[in-house]
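The sequence shown begins at 1 in full-length UniProt numbering and counts up one residue at a time.
In short, the hints are calculated from the structure, not lab data.
Treat the numbers as computed from the prediction; the structure is a model and nothing was measured.
Treat the hints with care, since some could be wrong.
No more than 30 Å apart at the CA atoms, straight line, and that leaves these computed lysine-lysine pairs for BS3-like [what the hints assert, rightly or not]:
#	residue 1	residue 2
1	LYS79	LYS63
2	LYS81	LYS63
3	LYS63	LYS89
What follows is a list of derived Cβ distance ranges for each label pair [unchecked claim]:
#	residue 1	residue 2	range
4	SER68	LEU105	41 to 51 Å
5	LYS81	GLN102	27 to 37 Å
6	LEU95	GLN62	50 to 60 Å
7	MET94	PRO193	55 to 65 Å
8	LEU83	GLN41	16 to 26 Å
9	LEU77	GLN45	29 to 39 Å
10	GLY70	GLU100	41 to 51 Å
11	ASN99	VAL73	31 to 41 Å
12	LEU64	MET94	25 to 35 Å
13	GLU100	LYS191	45 to 55 Å
14	GLU75	GLU53	12 to 22 Å
Just so it is clear, CB atoms sit at the ideal spot from N, CA and C, and this is done for glycine as well.
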Amino acid sequence: MKVCAYLLLTTTLAQSLSLASGQQNGQQKSQPFRTQLFPEQLQQQQLQFRQVEIQAEIQNLQKLVQVSSGARVQELLQKQKELNAETVKLQVEMLRLQNEIQRRLAGQNIVEESTIGLQEQQQSNNETQETTTPVITTVLPSVAEMSVVKRQEFPQEDLVLPCQTTTGEEGLCRPLIKCIAFYADVPELRKQPCPLGQEEQGVCCPTKKRPARKYDN
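The whole structure should be built from the sequences, with the hints applied where relevant.
Right, here's the structure in full:
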């Protein structure tokens, strides 16, 4: 008897778990963004609970008004007016939260579409080019960013002044982006600024060519 009861309990539990899993999967397919609630959704739930409470209070006040008289009626009507005003504020806040939720959901869609697009583009590049180097721009991001700005700030090189580096080498004062052969020495170059025209600062760029440095892996 104990064995039969145990088997019956096990079967019932398995069926319950299977049914719950099926319902959860169905909800996830129809509501893909409900697997994790946003803070705004939790706030909406609290506001909805408050709205239900207010409606119940208003209905109770209306019943009391019918059986009251004199100053008591005015007191009840004033209370009802305050509850109606609170209801309006709750509706405005609910609308704001709903707009914020929609913005978040739209942001998730944009992120997902961007990720898929980047993956497809990378896969296409790998298929068409055997020697692609997609991370080459991230080797020295500060230099890459600076090159865009500096080219606009220094469209012409009116005056190039001689200078001397901290190691005693002869050089010329130039914008950092024009020391192309010395990108590996960017930290060192930044330690030896020199004056350019119009109150701008450059770096002392060595005139003697050096062998290219290898980055440490």
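Quiz item: Is the distance from the Cβ of ASN99 to the Cβ of VAL73 consistent with 31 to 41 Å?
Solution: 40 Å, holds
Exercise. Take a look at whether the Cβ-Cβ distance between GLU75 and GLU53 falls inside 12 to 22 Å.
Key: Holds, since GLU75 and GLU53 (Cβ atoms, about 20 Å apart) stay within the stated range.
Quiz prompt | 41 to 51 Å as the expected CB spacing between LEU105 and SER68, which holds or is violated | solution = 48 Å, holds
Quiz item: Is it true that the C-beta distance of LEU77 to GLN45 lies inside 29 to 39 Å, as the hint says?
Solution: Since LEU77 and GLN45 have Cβ atoms about 31 Å apart, the given range 29 to 39 Å holds.
Quiz item: Could one say that the CB atoms of MET94 and PRO193 fall in the range 55 to 65 Å?
Solution: Between MET94 and PRO193, where Cβ atoms are some 57 Å apart, the hint holds.
Quiz item: Under the criterion that the straight-line Cα-Cα distance not exceed 30 Å, is the pair LYS79, LYS63 satisfied?
Solution: 13 Å, holds
Quiz item: Is it true that the C-beta distance of LEU64 to MET94 lies inside 25 to 35 Å, as the hint says?
Solution: 28 Å, holds
Quiz item: So does LYS81 sit 27 to 37 Å from GLN102, Cβ to Cβ?
Solution: 32 Å, holds
Quiz item: Is the hinted range of 16 to 26 Å satisfied by the C-beta distance from LEU83 to GLN41?
Solution: 25 Å, holds
Quiz item: Keeping to a limit of 30 Å between CA atoms, is the pair of LYS81 and LYS63 held or broken?
Solution: Answer holds: LYS81 to LYS63 is near 15 Å, not above 30 Å.
Self-check item: C-beta pair GLU100, LYS191: status relative to the range 45 to 55 Å that was hinted
Solution: Check passed, 48 Å falls within 45 to 55 Å.
Quiz item: Can the restraint linking LYS63 and LYS89 be considered satisfied, given a maximum Cα separation of 30 Å?
Solution: 24 Å, holds
When held up to the earlier numbered hints, the structure conflicts with hint 6 and nothing else.
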